[in-house]
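The primary structure of each chain is shown beneath.
Number of protein chains: 2
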Amino acid sequence: MAKKVKMRDVVVLGVGLHPFGRFPPEKTYIDLAKEAVSKAIKDAGIKWHDVQVAMYSHVREQASSAGLLVFQEFGSHGIPMIGNIENACSSSSTAVWLATRLIGTGLYDIILVAGAEKMPRGPLTSPLRYSPERYLGTGVMMGLYAFMARRYMREYGAPIEAIAQVSVKNHKNGAINPYAQYKKVFTLEEVLNSRMIADPLTLYQCCPTSDGAAALVLCAADIASKYTSKPLVKIAGSALHIQKYSDRKKCIPQNTVRAAEEAYEQAGVSPKDVRLAEVHDAATIGEIVQIEALGLCPEGEGWKYTMQGKTEITGTIPVNPSGGLQAQGHPLGATGARQIAEITLHLRGEAGERQVPGNPKVGVTECAGFGGVSTVHVLVRQD
Amino acid sequence: MAKKVKMRDVVVLGVGLHPFGRFPPEKTYIDLAKEAVSKAIKDAGIKWHDVQVAMYSHVREQASSAGLLVFQEFGSHGIPMIGNIENACSSSSTAVWLATRLIGTGLYDIILVAGAEKMPRGPLTSPLRYSPERYLGTGVMMGLYAFMARRYMREYGAPIEAIAQVSVKNHKNGAINPYAQYKKVFTLEEVLNSRMIADPLTLYQCCPTSDGAAALVLCAADIASKYTSKPLVKIAGSALHIQKYSDRKKCIPQNTVRAAEEAYEQAGVSPKDVRLAEVHDAATIGEIVQIEALGLCPEGEGWKYTMQGKTEITGTIPVNPSGGLQAQGHPLGATGARQIAEITLHLRGEAGERQVPGNPKVGVTECAGFGGVSTVHVLVRQD
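For the record, the sequence lines run as chains G and A.
Under numbering that gives the first Met the number 0, the first residue of the first sequence is numbered 0, with each subsequent residue one higher.
Under numbering that gives the first Met the number 0, the first residue of the second sequence is numbered 0, with each subsequent residue one higher.
Derived by calculation from the structure, the hints in this document are not laboratory data.
There could be a bad hint or two in this list.
To be verified - Cut-off 25 Å, straight-line C-alpha distance, at most; resulting in silico cross-link-like pairs (SDA-like, lysine to any residue): (1) Lys249(G) with Gly77(A); (2) Lys233(A) with Gly105(G); (3) Lys248(A) with His76(G); (4) Lys171(A) with Leu202(A); (5) Lys3(A) with Lys249(G); (6) Lys248(A) with Ser75(G); (7) Lys5(A) with Arg7(G); (8) Lys243(A) with Gly74(G).
Pulled out of the complex, with its shape left as it was, chain G reads as follows (with noise of 0.2 Å):
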């Protein structure tokens, strides 16, 4: 639908994170997007003052321009602030879809994208709680996924097994990612025993509530030398697309395979070249679909990926090596800018360890999907 712009290249020059987690009321969102936002600025090797647009997303109650708050706590130097940019799960990935596109364009060259969540306790709610059909189920997120679990086990014979080691997986590697909020490896007759949420989702394999901050600072190519001598990682593809829930018709969510399409061919790269991937677990079957969606394996092979190891952080498309957001955790506005410093974090062999081996190039995120919005971003290292 967009115009054919030429585009300058955008890169990540500074990624920022506060550890997922629970914490204190004391704790509020300030203080966790603060450390964020500071960790980025120096990882970014820039000062406050070089950042020229500042975009803060958040989902669950915060004060009103609550981004103002955060950034005001670093100066104010006339810059355009933006107090919240909402877009459900993918809040922070529209922030960042959106800030390519003003440095791309020539408008501006450094803009700060920062998220952050304290989660209130509960259920999420669904884009159908209004519905008539809530009174099935489907009037929080966990229920949707539980009628797509089930859906997909019917057309792809998959095993609730199969789905339920995504938790397994993701646990694994969330144990050893500092930043997660869960440290627990658990077996699979764990997660499968563990109390049933909607069936056939039980606890661990439904993502947790979570408070937690993530920022990102987006540097035009052309100048970001000037600032770091890391690896310079670029935002080759940023695509945001829509589905209204109950248009859906297929497992697979039309809404990433869109805007995968999309990302992908700005990128000009094919699935084929994508070595590791960050997508949108809420519920283990999440994971299945989405990575079905991205292209990253064939429809209604996701589960038989998932059973032969392939995604795991030792195999050939590794999925959610942070733990994705079952381990990692989920702060709503946070995950999406948490999901590109990630995958950031592996293209420069930062990772530590949990860094995906071979030395990989091309990375690509999903965030949301389920609900309404899809965005997904390939991100490229520059050599």
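Chain A: place on chain G using the hints.
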């Protein structure tokens, strides 16, 4: 701060409003927004499927990605949608700021911006509500405005009658605006004798809590004539500036001063060219300091201009011909877009009974500008 990039001209192709007021709970923000969007689409002469990006703004609690619930009522044709662009009172004007850049740089041709709000009862809290000073009354917006009024009165020798006259004028204007929440005329005595809210600001000097919606269709100027034969109103200047409330040293909001300078420069006009303005009169004193910040009168003379009738519809520089926030109302997320819609109608000669006479060609809007963000848009009719 933004680099000099050649931008295409962007025009307001269509405007749509749902009347502001108080509506029963069964009339949702979706209903309000749908009506505004439908009218803007119709006014623009486009079909929904011509929209290439859709952005929504609200401030108070709605669903997450509320804009998707609004826009998907019109159909889902694969365009990017953003569920909420929030920047306190400047929310939908921040969306316009973004949209102007996405169109200006050539990425998109037609973007829809909508804002809607159902305000809860009660006073609006201020950015200082967590600060120690809140015990002095600064924790609510009208407390801050009261301090501002006192300071202004002392610094410039303005009597409270001059400040209250803003309310008299704006209610007179609102009484002939079919979209206004209040259509009642007040005498100066009635304004001054209404219930005290935050001394010296009485009830009729404080904007009401309001429900309402506004929508704009923005379009690349070079294709606009395909859709409409109405006069085209160009967004000639668009600027967003920030000031931390606690950094404020003067009555005149410096964020508006800087935003106005930038927007006038972009537009190539001077304050002397401006023939009418819509400004943020959340409290009466707001209108006076904002017209000074916009350069529409000398510093410290806003109150004299008001007393002398210069800001009346028939005056030398009509301000808030709509009735402003005082009489038209202030559903936060809708106000920024509503102001731009109002100026567009006047520049087209379509403002009905409240039309500013003399075939005005240049108008300006100023949104928020008190607690943090100020957005200024300069609108110029293309002849």
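Hint by hint, work out which the structure violates, then give me just those numbers in ascending order. 5
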